[in-house]
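Peer 1: Read off the chains here:
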Amino acid sequence: MELKDTGAATALEKDGALTFEQLFKSHYKGLHAYAYTILKDDIMAEEMVQNVFCKLWEKSGDIKIRESVSGYLYRAVYHESINYLRHEKVKANHVAYARYQQASPSHTNAASGKVQLRELQEKLQAALLELPEKCRTVFQMSRFEELKYQEIADKLNISVKTVENQMGKALRILRHNLVDFLPLVFILLNTVMSNL
Amino acid sequence: MNNFNEHINDDILVKFMLGQATAEEQQAVGEWMAASADNEKYFRHFQLIWNQSRELASAGEPDENAAWARFQQRVNQPETKVVELGASRKPWLRIAAAVTLLIVAGTLAMFLFRRPAPRQLELAATTRPVTDTLPDGSIITLNKNSKIVYTGNFETNRNITLEGEAFFNVATDPSHPFVLHTGDVQVRVLGTSFNVKSDQQQVEVIVETGAVEVNKQTESVQLRQNEKAVAAKNSTAIVKASNKDELYNYYRTQTFVCNGTPLWQLAEIFSNAYGVQIEITNPAIRNYPISTTFVYSTIEENLALLEQTLPVKADKQNGTYILK
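Chains A and B, in that order, are what the protein sequence lines are. Under the working numbering, the first sequence has 186 at position 186, and the numbering climbs by one with no breaks. Here the working numbering runs 1000 ahead of the position in the second sequence, where the first position is 1.
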C-alpha cells in the first residue's frame, strides 16, 4: 500500500520520514495498551486503535498535525476510548461484568484478600479515568511502556519539566481518590503475602 | 493535599520512586521521609498505587502485523460498497426518489401506523435467498425460510432479531453497537462480516472478517476471522473452534465450495438448500472427502456431477434421494 501524498503524509515525514505502515506498526502496541487499560477488553482496544488510524487515513487530506504524531495518536486513542466507554449500554455491561467478577465465591483468607486486591484494581481503574488526558497519557507511557522522562518528552514534544509535573500530578490525584481505601489494602497485602 | 508543614514536591517524590532523581533530590527525599512516619506513609501510598497499577495491563501480546493486515482490509472495504457507488451517479434522481418515497411512506405511515412506538420492520426470505441493505448501510443475505426483525430507528438502535440463517456485512459505527439476537444467544458486532445459522438444536456463528462477541447468559466468547462458535440449545457453554470451511456461504455465493468436505455434510447442506430428503445407505461412503465446487442450480444436476466425480450412485425412491 502506498502512502497518499497528503497533509498527514507531510506531517508524518517531518516526524522522521515514516510511511503509514511504519507509523501504524511502531505505535500499535503502545496505543493498544492504552486503550486496554481504559476498556479492559482486548478486542475493543484494537477497535479503538483501528478507528483512530482509519480516521487519520480517511481524513489525511485535511488533518493538520501541528504537534508530534505520537501526541496526536495517544490523545485520539484516549478520546476514542473514553467516548466509547461513555456509551450507556457499554457502561451497563461494565457494571454487570464488575458485579459478576465480584460475585465469585471466596472462602479462604487468601482468596478474600485477592478479591480485595481486585477491588483495588477496579478503584484504580476508575481513578485513572479521572485523570485529565495529558496527565493520563504521560502516566500511561511511564507506567505501561516504561519509558524514561526524556523519552516521553521526545515522543510528545514537550519538556522534561512538563513530564515531571504531569507525573507528580497523576500520583497526587490517584492517591487523593484512593486514600480512604489504602490502609485496608496494606493490611490485606500482608495477609495475602503470608498466606501465599 | 499539602497536610505537612514542609511537604516535599510531589514531582520530585515520583521522580525518586522511578529512580530518575538526581543525587541532590535523592538526599532531599531521604531526609523528608526520615522526618516523620506520616511522610513515609505518604510515599508508600505512591509506591502501592504505582505497583498495583501495573496489573491493569493486558496479559495478551498484541500482534501489530496481524493488526496492520486487518487495518488494510478495513480501509479497502468501503470502496466495494454497492450502495454508495450507485448513489454518486445520479444524485438528483436519488434525492427526488427519496423525497417522493418519504412523502408516500409518511402519508401511508400516518394512516396505517398511528402508534408512538418505533415501527417493527421485517425482512423475510421464503423460497430463495434474499440480499438487501439495512438503513445503517450493513448488507445482509438471508437464506430461504429466514427472517429478520428490526425497529424503524435502526440507525441509532442497531438491534436485530434473526430466525433461521443469514450472512451479515456490518457497517462500522462504534458509537452504535450492532447486536444480533437469535434464540437465547446474542452476537455483539464490532464492524465485520459473519454468518449466523440458528435452528432447533443450536446457534452457529462463523466470522469471515473482523471480530464479534457471542454471548449466552453469563458465557461470552470473542471470535476473530476464520473462527466459529457453536451454542447448543441444551447447554450453557459456547464452543469455539477454527473454521476453514466455505460451504456455509453457498446461499450467498450461489456455489457449494467443498474442500475435503465429508459426503454426509454435503448431503445435509444439499437437503437444506433444496428442501429434499437425502439418505446415505452405505456407511463406508459417509466420510468420503469431496473437493468439488457445485453450482447452486438443481439437486438433479448436483447429484449427476457427484456421480461423475465419485464412485457414488444416486437413486430417487418415494421422493427421497438415496446415495450408495
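Don't take every hint at face value.
Here are the simulated lysine-lysine pairs, DSS-like style, with alpha carbons at most 30 Å apart [said to hold, decoys possible]:
id	chain 1	residue 1	chain 2	residue 2
1	A	K134	B	K1240
2	A	K169	B	K1041
3	B	K1244	A	K25
4	B	K1041	A	K123
5	A	K123	A	K134
6	A	K40	A	K123
7	A	K29	A	K148
8	A	K29	B	K1244
9	B	K1240	A	K40
10	A	K55	A	K29
11	B	K1244	A	K123
12	B	K1041	A	K148
Counterexamples of contact, computed for chain B against chain A with all Cβ distances above 10 Å [as the list claims (entries may be wrong)]:
id	residue
13	N1009
14	N1065
15	R1070
16	T1133
17	Q1222
18	K1313
Calculated directly from the structure, the hints in this document are not laboratory data. Ideal Cβ positions, reconstructed from N, Cα and C, are used throughout, including at glycine.
Peer 1: Against this structure, judge whether each hint is valid.
Peer 2: Outcome of the hint check:
no., hint, verdict
1, A:K134 x B:K1240, "violated (40 Å)"
2, A:K169 x B:K1041, "holds (18 Å)"
3, B:K1244 x A:K25, "holds (28 Å)"
4, B:K1041 x A:K123, "holds (20 Å)"
5, A:K123 x A:K134, "holds (20 Å)"
6, A:K40 x A:K123, "holds (13 Å)"
7, A:K29 x A:K148, "holds (17 Å)"
8, A:K29 x B:K1244, "holds (29 Å)"
9, B:K1240 x A:K40, "holds (21 Å)"
10, A:K55 x A:K29, "holds (18 Å)"
11, B:K1244 x A:K123, "violated (43 Å)"
12, B:K1041 x A:K148, "holds (25 Å)"
13, N1009, "violated (7 Å)"
14, N1065, "violated (7 Å)"
15, R1070, "violated (7 Å)"
16, T1133, "holds (21 Å)"
17, Q1222, "violated (5 Å)"
18, K1313, "holds (49 Å)"
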